[in-house]
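Q: As they're listed, the protein sequences go chains A and B. 196 is the number of the first residue of the first sequence in our numbering; add one for each residue after it. 437 is the number of the first residue of the second sequence in our numbering; add one for each residue after it.
Do not rely on the hints blindly, as some may be mistaken.
No farther apart than 27 Å at their CA atoms in a straight line, the calculated lysine-lysine pairs in the DSSO-like style are these [as the list claims (entries may be wrong)]: (1) B/K596 / A/K489; (2) B/K672 / A/K437; (3) B/K596 / B/K853.
With the Cβ distance kept under 10 Å, some of the chain B side facing chain A (calculated, not the full set) [stated by the list, open to error]: (4) L560; (5) D567; (6) S780.
Hints in this document: simulated from the structure, not taken from any laboratory. Ideal Cβ placement from N, Cα and C applies to all residues, glycine included.
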Amino acid sequence: MPPRRPLGRPGPERAVVGQQVYQHTLGNGLVLLAERMEHVRSAAINFLVPAGAAYDPPGRLGAATVLADLMTRGAGTRDSRQLALALDNLGVDRDESVGAVNMRFWGSTLARNVPPALDLFADVLRRPHLPEDELEPVQALALQDIQSLEDSPQQKVMVELRRRYYPPPLNQDRRGVAEHIEALAIDDVRGQYQRLFRPNGTILSVAGNVEWEPLKAQVERLFGDWPVGADLGVSPEPHAAKSEHLHKDTQQTQIALAYPAAAIGSPDYYPARAAASVLSGGMGSRLFTEVREKRGLCYSVSAWHETFKDRGSMLAYAGTRAERAQETLDVTVGELRRLREGVTDDEIDRVKAGLKSSLIMQEESTSARAGAIATDWYYLGRVRSFDEVQAAIDALTPAAVLGYLDRYPVRGLTLVTLGPAPLTMPE
Amino acid sequence: MPFHSHTLPNGLTLIGEPSPAARSAAVGFFVRTGSRDERPEESGVSHFLEHMMFKGTPRRTALDVNLDFDRIGASYNAYTSEENTVYYAAVLPEYLPKAVDILADILRPSLRTDDFDTEKQVILEEIGMYDDQPGWAASDHARKLFYGAHPLGNSVLGSKESVSALTRDGMHAYFGRRYSPTNIVVSAAGHYDWDRLVRLVTEACGHWERGEAGRGSRTEWAGQGGLHVLTRDKAKVQQEYVMFLAGGPPADSRLRYAADTLALALGDDSGSRLYWALVDPGLADSADSSYYENDGAGCAYTSFSCEPERAEGNLAIVRKVLAEVQRDGITADELQTAKSKIASRVVRGSERPMGRMQAIAAAWAYTGEYRDVDTELANFEAVSLAEVRAYLDRYPIDRSTVVAFGPLESLAGVAGKPA
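Input sequences plus hints: build the corresponding full structure.
A: This is the structure in structure tokens:
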């Protein structure tokens with residue numbers, strides 16, 4: 196049995212309640228993580244299973260989304276209605292979401308209801324009925340999901356950007372392709388479940404007012420005899436990113452940009468996060484100041500860092516009325532490029548203040564902590580302690596950010612626009 | 437939890453619920469004003485003014501405001517509704533004095549003309565942005581059709597024309613009329629010292645000049661009824677959005693708890709009547725029912741969106757469900773399930789200072805009373821089937837104003853009008 200690992204936060208001035216994080220790997224590879232938060236009454240449960248959209252086979256794009264919905268329509272001894280009722284009566288708010296790599300099952304409720312809720316989640320993950328007669332309504336919902344995207348231009352432009360920027364299969368959107376979804380048979384969906392759901396690679400995290408030893412014993416009982424399955428990786432294919440304009444008769448033009456950045460796990464990760472914050476961390480950041488505050492070009496403009504295990508990226512978004520879209524693009528790209536010319540001490544101080552705030556405030560949310568410890572484990576194979584993150588934030592300097600920008604200049608920009616007319620990428 | 441309140445001589449009220457176990461503190465200025473308090477020629481000014489509040493004061497330029505908030509790592513923003521305009525920040529405890537200093541300062545803005553002109557462009561962009569999102573445009577139209585001449589039907593954003601016509605001096609006059617300290621509540625929750633907060637706010641706001649800000653019509657409203665079909669070109673909207681609006685208890689009514697509970701049983705996103713009737717069988721991609729508490733005139737709001745060809749069938753299904761619930765109420769099991777969900781949500785919503793700061797401010801603004809988490813839980817736990825019946829008798833949910841928005845040119849025999 197691996198030792199219990201409370202990751203302490205020494206110093207009475209820093210910690211009102213010490214950080215208590217625990218980890219245990221089951222014999223079959225399932226990783227259990229827990230963070231005990233004594234000052235709250237709730238708890239959040241979070242499963243990450245490597246069964247995201249990137250695992251959809253060619254010709255069956257959208258299968259993961261159909262599978263996720265179907266898994267909750269009856270499991271264990273309960274049919275669809277009985278399962279929903281059991282979770283509702285425990286006050287479990289929940290969501291199944293399909294990410295690029297992982298499928299996520301999330302639930303949040305009062306801490307005292309965690310044990311019976313975990314029993315139900317174990318049924319969903321290990322004993323879903325995947326009923327044939329529910330397939331058609333699930334397909335109908337998946338098709339409407341695709342159609343609804345047309346009514347959300349801000350979301351649509353990001354989906355279209357990722358589709359063109361990332362290599363297959365990382366570029367596969369959870370919504371999939373209508374013709375593929377229509378053609379799915381129940382055996383395809385059941386096959387996808389058989390192929391992908393397994394304990395090895397699965398991470399279960401629980402954060403909130405929970406007791407570690409009983410939790411560990413329950414998880415051993417519920418998942419200890421789950422047979423190991425084949426490890427399937429995701430191998431990105433060679434790919435050339437492609438810029439494109441998509442026509443739509445809207446008031447605003449949606450602008451989406453992406454270019455390579457450092458990945459999580461790289462020594463450049465925190466400088467990359469800091470660069471994103473200088474651009475778009477608060478309302479005093481460069482993009483908001485130059486694009487919105489000084490010029491009034493748009494309501495919404497932002498840039499952020501996102502990461503896979505093997506690659507990081509900077510993404511940017513702006514939405515603006517068509518006649519001002521070219522200027523918006525010019526100013527936005529100009530700010531991305533200008534970053535290399537220098538970053539001030541004051542900017543780095545503001546970045547640090549913002550990162551430190553969000554780090555500490557995260558400890559007020561069981562959902563945020565359950566998510567954070569699971570994603571840490573997924574990316575890094577360990578949970579970063581408060582002190583480690585704090586030290587990395589403290590170490591940020593203008594020189595560190597500029598050094599990073601030398602290694603990752605703005606290069607290979609992919610631009611996708613959605614609106615009445617195409618734009619020209621500034622030289 | 438300890439609770440404190442204090443009123444300054446100029447009428448500004450402070451309320452607070454300190455919680456030593458919290459890691460952060462949240463503070464907000466709740467101004468009892470919104471689109472319902474605008475004159476016709478002022479449409480959109482409440483929301484535009486909310487933006488202008490961040491544009492500087494005699495002590496700070498617009499950039500200074502943003503930089504000062506960022507320097508303390510604040511999570512800060514503001515929002516405007518039909519009846520409340522709220523400015524807030526959550527910070528680490530050591531930065532609370534600075535957060536109060538900035539918020540209090542920006543609540544007495546310069547409203548400089550060049551900032552006004554630039555920000556007007558941002559507002560026009562925001563209007564364009566929402567107009568491109570049919571789900572949002574649909575609910576704005578629905579409110580207007582339901583409330584008719586009642587001030588709660590006033591659009592928060594206003595229109596391109598109304599916002600274009602606003603002037604700096606007109607905004608200043610609205611500010612003078614609505615931002616009197618008697619019309620503002622300062623709310624704080626989380627890790628902070630109450631006495632120190634009172635001192636900080638007194639120093640920062642004690643000199644604000646007292647004034648009186650009332651509110652016009654607060655009458656209850658049952659809606660004008662009917663089915664209204666609004667048609668937009670298929671190139672601009674894919675799904676059909678259908679909304680049912682009925683009158684509901686005002687925010688200070690005891691029946692608000694029954695209204696909230698019934699809405700959950702009827703239209704929560706899992707396990708509700710509408711979920712099983714529309715979403716589970718794949719007939720609609722979403723279905724929802726909510727109770728909106730408003731000052732004087734609440735609203736029960738039910739909606740779904742679906743492929744246009746399914747709208748007519750779904751409309752009939754929802755009407756049938758609403759009629760059944762109106763006639764028979766909900767079952768004891770449904771009531772119990774709804775309460776379980778509410779208890780979980782109330783507790784989780786209270787775990788962040790930001791959540792508590794907003795909850796105590798809303799309760800105070802509407803009813804003048806403080807409700808701690810356990811009192812709120814007990815109020816929901818006490819909802820009985822008889823109370824649900826009393827709510828339905830008083831505010832029939834099947835007597836709705838129905839609004840459809842989307843590509844359909846007609847629905848259930850009603851011809852569409854261009855939207």
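Q: Now, for every hint given, state plainly whether the structure supports it.
A: To see whether the hints hold, each was checked on the structure:
1. B/K596 / A/K489: 21 Å, holds
2. B/K672 / A/K437: 26 Å, holds
3. B/K596 / B/K853: Within the cut-off at roughly 20 Å; holds.
4. L560: It holds, given that the least Cβ distance between B/L560 and chain A is near 7 Å, below 10 Å.
5. D567: Hint on B/D567: holds, closest Cβ of chain A at ~6 Å, below 10 Å.
6. S780: 3 Å, holds
The structure agrees with every numbered hint stated previously.
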